[in-house]
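Colleague: If you want the building blocks of each chain, they are given just below.
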Amino acid sequence: MAEKILLKGNEAIALGAIHCGCDGYFGYPITPQSEIMETLMEEKPWETTGMVVLQAESETSSINMVYGGASCGKKVMTSSSSPGLSLMCEGLSYLAGAELPCLVVNVVRGGPGLGTIQPGQGDYFQACKGGGHGDYKMIVLAPSSAQEMYDFVGLGFDLAFKYRIPSMILADGVVGQMMEKVELKPQQPRWTNEEIVKMSSDWATTGKTPNRKQNVVTSLALDAVVHEELNHKLQQKYVQMEEEDVRFETLHCEDAEHVIVAYGCMARICESAVEQARKEGIKLGLLRPITLSPFPRKEIDRLVPQLKSMMSVELSAGQMIEDVKLVVNGRIPVNFFGRLGGIVPSPEEVLEAFKKSI
Amino acid sequence: MDIKDIIKPENRVYAKTPVLTSNVMHYCPGCSHGTVHKLIAEIVDEMGIQEQTIGISPVGCAVFAYNYVDIDWQQAAHGRAPALATATKRLHPEKYVFTYQGDGDLASIGTAEIMHACNRGENIVVIFINNAIYGMTGGQMAPTTLEGMVTATTPYGRRADLNGYPMKITELIAQLEGTCFVTRQSVQNPGSVRKAKKAIKKAFENSMMNKGTSFVEIVSACNSGWKLSPVKANEWMEQNMFPFYQLGDIKDR
Numbered sequence: 001m002a003e004k005i006l007l008k009g010n011e012a013i014a015l016g017a018i019h020c021g022c023d024g025y026f027g028y029p030i031t032p033q034s035e036i037m038e039t040l041m042e043e044k045p046w047e048t049t050g051m052v053v054l055q056a057e058s059e060t061s062s063i064n065m066v067y068g069g070a071s072c073g074k075k076v077m078t079s080s081s082s083p084g085l086s087l088m089c090e091g092l093s094y095l096a097g098a099e100l101p102c103l104v105v106n107v108v109r110g111g112p113g114l115g116t117i118q119p120g121q122g123d124y125f126q127a128c129k130g131g132g133h134g135d136y137k138m139i140v141l142a143p144s145s146a147q148e149m150y151d152f153v154g155l156g157f158d159l160a161f162k163y164r165i166p167s168m169i170l171a172d173g174v175v176g177q178m179m180e181k182v183e184l185k186p187q188q189p190r191w192t193n194e195e196i197v198k199m200s201s202d203w204a205t206t207g208k209t210p211n212r213k214q215n216v217v218t219s220l221a222l223d224a225v226v227h228e229e230l231n232h233k234l235q236q237k238y239v240q241m242e243e244e245d246v247r248f249e250t251l252h253c254e255d256a257e258h259v260i261v262a263y264g265c266m267a268r269i270c271e272s273a274v275e276q277a278r279k280e281g282i283k284l285g286l287l288r289p290i291t292l293s294p295f296p297r298k299e300i301d302r303l304v305p306q307l308k309s310m311m312s313v314e315l316s317a318g319q320m321i322e323d324v325k326l327v328v329n330g331r332i333p334v335n336f337f338g339r340l341g342g343i344v345p346s347p348e349e350v351l352e353a354f355k356k357s358i
Numbered sequence: 001m002d003i004k005d006i007i008k009p010e011n012r013v014y015a016k017t018p019v020l021t022s023n024v025m026h027y028c029p030g031c032s033h034g035t036v037h038k039l040i041a042e043i044v045d046e047m048g049i050q051e052q053t054i055g056i057s058p059v060g061c062a063v064f065a066y067n068y069v070d071i072d073w074q075q076a077a078h079g080r081a082p083a084l085a086t087a088t089k090r091l092h093p094e095k096y097v098f099t100y101q102g103d104g105d106l107a108s109i110g111t112a113e114i115m116h117a118c119n120r121g122e123n124i125v126v127i128f129i130n131n132a133i134y135g136m137t138g139g140q141m142a143p144t145t146l147e148g149m150v151t152a153t154t155p156y157g158r159r160a161d162l163n164g165y166p167m168k169i170t171e172l173i174a175q176l177e178g179t180c181f182v183t184r185q186s187v188q189n190p191g192s193v194r195k196a197k198k199a200i201k202k203a204f205e206n207s208m209m210n211k212g213t214s215f216v217e218i219v220s221a222c223n224s225g226w227k228l229s230p231v232k233a234n235e236w237m238e239q240n241m242f243p244f245y246q247l248g249d250i251k252d253r
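Order-wise, the sequence lines are chains B and X. If you read the first sequence in my numbering, its first letter stands for residue 1, the second for the next number, and so on. If you read the second sequence in my numbering, its first letter stands for residue 1, the second for the next number, and so on.
Do not rely on the hints blindly, as some may be mistaken.
To be verified - Here are the simulated DSS-like cross-link-like pairs (lysine-lysine), alpha carbons at most 25 Å apart as the crow flies:
{"#": "1", "chain 1": "X", "residue 1": "K211", "chain 2": "X", "residue 2": "K198"}
{"#": "2", "chain 1": "B", "residue 1": "K185", "chain 2": "B", "residue 2": "K213"}
{"#": "3", "chain 1": "X", "residue 1": "K168", "chain 2": "X", "residue 2": "K227"}
{"#": "4", "chain 1": "B", "residue 1": "K308", "chain 2": "B", "residue 2": "K283"}
{"#": "5", "chain 1": "B", "residue 1": "K233", "chain 2": "B", "residue 2": "K162"}
{"#": "6", "chain 1": "B", "residue 1": "K213", "chain 2": "X", "residue 2": "K227"}
{"#": "7", "chain 1": "X", "residue 1": "K198", "chain 2": "B", "residue 2": "K213"}
{"#": "8", "chain 1": "B", "residue 1": "K355", "chain 2": "B", "residue 2": "K279"}
{"#": "9", "chain 1": "B", "residue 1": "K44", "chain 2": "X", "residue 2": "K211"}
Claimed, not checked - Calculated from the model, a selection of chain X residues having no Cβ within reach of chain B, i.e. all distances over 10 Å:
{"#": "10", "residue": "Y14"}
{"#": "11", "residue": "M167"}
{"#": "12", "residue": "R194"}
{"#": "13", "residue": "F244"}
What the hints assert, rightly or not - One side of the interface only, derived from the structure: several residues of chain B facing chain X at Cβ under 8 Å:
{"#": "14", "residue": "G21"}
{"#": "15", "residue": "D23"}
{"#": "16", "residue": "G24"}
{"#": "17", "residue": "T206"}
{"#": "18", "residue": "N215"}
Derived from the structure by calculation, the hints contain no laboratory data. Even glycine gets a Cβ: it sits at the ideal position worked out from N, Cα and C.
So here's chain B without its partners, still in its complex pose:
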């Protein structure tokens, strides 16, 4: 019987990192996610697994420490909240360009600017459409429970290393701060240096040995032909991850006439709204994207013919709705309900908005 303990979402991230064999965490305090580093410092994993934990001087430095650690083929991560992520976007673009695997956690708060420390989902565009410069994408996982906060650390690393791209956990202030039971996994050993050399000898800076060419981690390619090839290679990864690694969950979609699309904490609230609608005899379903990038396009496309409408429910002015609309492509109405400023709507409020929309 696996151990179950009560954890905050943020604490679950910290334990998830230690237990999956993470090599290094580099971060800078910011509300509402500071418990991640605080928990790591309290756990002192450098005395048990050998994991490095370091408080950097800024988010800019944190993400570049991640770049350095990732260049060594190590499992390294950082975490922050919205304004901090804006500072990290330069680094994310470099990580993507240099084909480096890593994990970045964003416990989203309300913006723009310093905004509010209350929850938000206004960083969807930044996470899924770039944020930094250039044509790149990341794996973006959207947890809706403390358990998923814990589990997605390991999953995020697995996917990051599968494609050699940055992975992001796009959480929100609710999921980061709420406490739930979390089932813990057995401690995974960290990769040994020998294992890393074996896995990553063609790219990681593990030290140039006589039997191989030097490894150079860079995102620079001044030759236009070479640079176009690099970009095509990146795009190929994004095609492959859309084929192989889309994740989502559905509730009551089999016979649904209307479907709400929601992720993170909003999916939990919409779950209650959908159950209430069903009690009232309304054929409403819920689609919860778990990967926001790659987005569950095929599933939405498959559902559209049976539906009369869809509604995107977000803690934003409407960002994910653009991806829903791209798939629906005008076949049915796509409505929207959202709250801003850190206000989290109740299930009743969502259901009310849905009823008005049809």
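Go by the hints and put chain X onto chain B.
Modeller: Just chain X now, kept in the frame of chain B:
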């Protein structure tokens, strides 16, 4: 005596270290980068640490340092090399980790990263090339540009009231408890090259002694940026740079 009698291994007085690649350097003739690259390659060779050394290259002319020194390299975003080096050294304490940065990279956009890496006393080596100008982007003002010096963005000369003062960042770095060895060197003649090599070697040795950060500034010539011939550039450097950026050890413990 035939030439074949002379070309013999026992008569050889100099050979290029294999750690320095045979790639044709993109640096301008007269530039100091090539000399400093050669010194690093020789030290890596002499210490037998090619497999243990990881270099972090900057944004600027030395972005391509990896083409010339045959070790593993990470190429950093502008100014961030000390952050990369921090993580690399902490994850690989058994490796020799060094950053190679210019004055724009280290003393302007990357001031936070270099200050905090040095203040934490990361056991890394920092090679700081100070030629008082932005070389790669075409000769704009650097934080270390001297007062009165003409650059592409100070066409009438740097004025303290408009552009601020030239920054002696190496003296600032020496104030930080985390640094163990802070020195300012140059490579414009054989004597100075020998001294600079000694300093860089000491810095590399320090990084395995848990003493903190070793910081080696090389006051360098950028004759293209300065619009001078290589010979004139060296003369100008001796006459104008050295009085302000005085050579020698600032801290050694």
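Colleague: Okay, which hints does this one fail, numbers in order?
Modeller: The structure breaks hints 2, 6, 7, 14; every other hint is satisfied.
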